[in-house]
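Same order as they appear, the protein sequences are chains L and G. Counting from 24, one number per residue, gives the positions in the first sequence under our numbering. Counting from 27, one number per residue, gives the positions in the second sequence under our numbering.
If you're looking for bench data, these hints aren't it; they were derived computationally from the structure. Ideal placement from N, C-alpha and C gives every residue a C-beta, glycine not left out. Hints are not guaranteed to be accurate.
Short, incomplete list of chain L residues facing chain G, as computed with Cβ under 7 Å [as the list claims (entries may be wrong)]: (1) 47; (2) 53; (3) 55; (4) 72; (5) 76; (6) 80; (7) 129; (8) 195.
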Amino acid sequence: METLEQIKARIEPSLPLTKIDLLPNECPAGERSLVVEASRALAVAGFLRDDAQLQLDYCSNVTGIDWPETVIKTKVKKKVQVEGVEQEVEEIVETLRSGHLEVVYHLYSMALKHGPVVLRLRTENRTDKTHLPSLTPVWRGAEFQEREIFDLYGVIFDGHPDLRRLLMWDEFVGFPMRRDYVAPDDFEYEPTPHDEVLAAARKHYPVAATPEVKPEVPV
Amino acid sequence: MNSFADLPKSGYEVRPKIAPDGAPLGELLEISIGPHHPSTHGVFRMDVVLDGETVVKLKPVFGYLHRNHEKIAENISYLSSMPYTDRLDYFCSMTNNWAYALTVEKLAGLAVPERAEYIRVIMAELTRLQNHTCLIGFFAQDMGALGTPLMYAFREREKILDLFESVSGARMMCNYMRFGGVRVDVSGEWLAQTKKIVSDYRKFLDEFETFLTQNEILMARTQGVGVLPRELAISASITGPMLRAAGVNYDLRKVDKYGIYRRFDFQVPVGAHGDIYDRYMVRVLEMRESVKILQSALADIPAGPVMDPKAKLRGFRPKAGEVYGRIEGPKGELGFYLISDGSPNPYRYRVRPPSLINLTILEDMCLGQKISDAVVILGSVDIVLGEVDR
Numbered sequence: 024m025e026t027l028e029q030i031k032a033r034i035e036p037s038l039p040l041t042k043i044d045l046l047p048n049e050c051p052a053g054e055r056s057l058v059v060e061a062s063r064a065l066a067v068a069g070f071l072r073d074d075a076q077l078q079l080d081y082c083s084n085v086t087g088i089d090w091p092e093t094v095i096k097t098k099v100k101k102k103v104q105v106e107g108v109e110q111e112v113e114e115i116v117e118t119l120r121s122g123h124l125e126v127v128y129h130l131y132s133m134a135l136k137h138g139p140v141v142l143r144l145r146t147e148n149r150t151d152k153t154h155l156p157s158l159t160p161v162w163r164g165a166e167f168q169e170r171e172i173f174d175l176y177g178v179i180f181d182g183h184p185d186l187r188r189l190l191m192w193d194e195f196v197g198f199p200m201r202r203d204y205v206a207p208d209d210f211e212y213e214p215t216p217h218d219e220v221l222a223a224a225r226k227h228y229p230v231a232a233t234p235e236v237k238p239e240v241p242v
Numbered sequence: 027m028n029s030f031a032d033l034p035k036s037g038y039e040v041r042p043k044i045a046p047d048g049a050p051l052g053e054l055l056e057i058s059i060g061p062h063h064p065s066t067h068g069v070f071r072m073d074v075v076l077d078g079e080t081v082v083k084l085k086p087v088f089g090y091l092h093r094n095h096e097k098i099a100e101n102i103s104y105l106s107s108m109p110y111t112d113r114l115d116y117f118c119s120m121t122n123n124w125a126y127a128l129t130v131e132k133l134a135g136l137a138v139p140e141r142a143e144y145i146r147v148i149m150a151e152l153t154r155l156q157n158h159t160c161l162i163g164f165f166a167q168d169m170g171a172l173g174t175p176l177m178y179a180f181r182e183r184e185k186i187l188d189l190f191e192s193v194s195g196a197r198m199m200c201n202y203m204r205f206g207g208v209r210v211d212v213s214g215e216w217l218a219q220t221k222k223i224v225s226d227y228r229k230f231l232d233e234f235e236t237f238l239t240q241n242e243i244l245m246a247r248t249q250g251v252g253v254l255p256r257e258l259a260i261s262a263s264i265t266g267p268m269l270r271a272a273g274v275n276y277d278l279r280k281v282d283k284y285g286i287y288r289r290f291d292f293q294v295p296v297g298a299h300g301d302i303y304d305r306y307m308v309r310v311l312e313m314r315e316s317v318k319i320l321q322s323a324l325a326d327i328p329a330g331p332v333m334d335p336k337a338k339l340r341g342f343r344p345k346a347g348e349v350y351g352r353i354e355g356p357k358g359e360l361g362f363y364l365i366s367d368g369s370p371n372p373y374r375y376r377v378r379p380p381s382l383i384n385l386t387i388l389e390d391m392c393l394g395q396k397i398s399d400a401v402v403i404l405g406s407v408d409i410v411l412g413e414v415d416r
């Protein structure tokens, strides 16, 4: 199969206005990936599927990933002149990585039996701009997996034929696979509730509504 | 809490009132099959709309067994996830273990000793035998062959589960493989017993086929029913026997040649019509190929250690990076996608569930068929709800 550089070099001239970044992978056995802008994702996906040399007709795996806003600390070695003597000093540089959601597609070719090519799409942020184009029109196999990502991460796939929650129920609020999700503690039924469970459940109800346990009166 | 973007309105309506061309559809019956129904193979539900006995619409509903396996795995160490993988597809815990171990080995760059590779192949092929046998029993049961084929299948399955139990301590939740090998070695006695069961299996398959393959009822119920076209199968990411019955020669044991599969001589059975009968035949032929692989693996297995001495199970911290590993499970391509950030827990742990993705085209296969056939079509997909819902 072609290398990612070759694929990138062929896509960019044939699809104008498309910019593709290559994301390195520190694991030697793993694959690097193509990062595509959301607005051009459908065109790139169509190219990857229909191109005669690639024929990536099989979308094996679709994964959602949550990257919350974090400060990344990296150590940088610097040479500093201290009283005329050159010394090497380690400095910690803090960079802020803005939060976003990411969707990863692992593409293979059943016709030519090669792969994978890893395609990544990123949302603008984690709160109000979580729209991405759905690739289900290109690969039908993404249908349930994109629904699952919508369900668990809250990525909204525009153009998906049937975007509903897949595993959680429709009335559920929140996205459980996000890193900062806090599990609710008010619906857990216990036959013999003990102190911690009672205290946690009491937070969710007004004091007056808490039923008092009356001792059973023997008849 | 986060503020979220406005969610799209769910325009989900099971029951179509009018046909796409505007004509009223007459008296339709909307029924819900499951979640507690013997033919849904677990807690699975289908919202079905019937016109007479013909299926007009079918929507699968999932989530009754959802426990967020992926979230649990992100909060525990790499090794602690191994017993959880047993619970994905509880029929095939050995192959689940292998897929996970293979992915972690790829991530951390661990080698597997020769003897452990052979043991893994033996376990995986035994799993394939018992899975396919039981599946055929189940779906014969779905067609109304109450009891007999299933009991024949379970008799054979129990022999294989006894083998698993004697080596790992558990019939179904084996928790047997580790990164860099397998947990305990197998004894010579165990190998001799396995050889006997494997050589008897061919006889059992002949017997099973005598009853089923030329059976008039089975042929009438399955030939030309639930046809899955080749192009749709590829586009919908169908894998495993379903895909090969649709006429696509794609078996990861041949394509990826993971483990030591390049050493074995076996063929990949491929169907021609993509109907249920082809799925049945592909599974039977695959079992015969598995017997071949097992016999040569049992003859060639070398002596030696079963764990990579460099593999460190406790305090295991692979370097940062990401990797996707996959194997050919009995139900299709079982994949794991791991992202490591250098900590003892995976940053992201994803299971690619073949059972769930194979259900993508359930509605396409069932439309226009009779409701009794929809049950058989679901049976021929081969799902386990532990894996569908995760």
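Min Cβ distance, residue 55/L to chain G: is it shorter than 7 Å? 10 Å, violated
Holds or violated: the hint that residue 53/L contacts chain G, with Cβ atoms closer than 7 Å. 4 Å, holds
Could you check if residue 72/L really has its C-beta closer than 7 Å to a C-beta on chain G? The hint is violated - residue 72/L has no Cβ within 7 Å of chain G, the shortest such distance being about 9 Å.
Residue hint residue 80/L, partner chain G, criterion CB-CB below 7 Å: 5 Å, holds
Taking 7 Å as the limit, does the beta-carbon of residue 47/L come near enough to a beta-carbon in chain G? Violated. Min distance 9 Å.
Does residue 129/L pass the interface check with chain G, least Cβ-Cβ distance below 7 Å? Given a least distance of 5 Å, the restraint on residue 129/L holds.
Closest C-beta approach of residue 195/L to chain G relative to 7 Å, hint status: Violated: closest Cβ of chain G sits about 10 Å from residue 195/L, beyond 7 Å.
Per-residue hint verdict: residue 76/L, partner chain G, C-beta under 7 Å: Not OK, violated: residue 76/L not within 7 Å of chain G, min 18 Å.
This entry does not satisfy hints 1, 3, 4, 5 and 8, going by the numbered hints stated previously.
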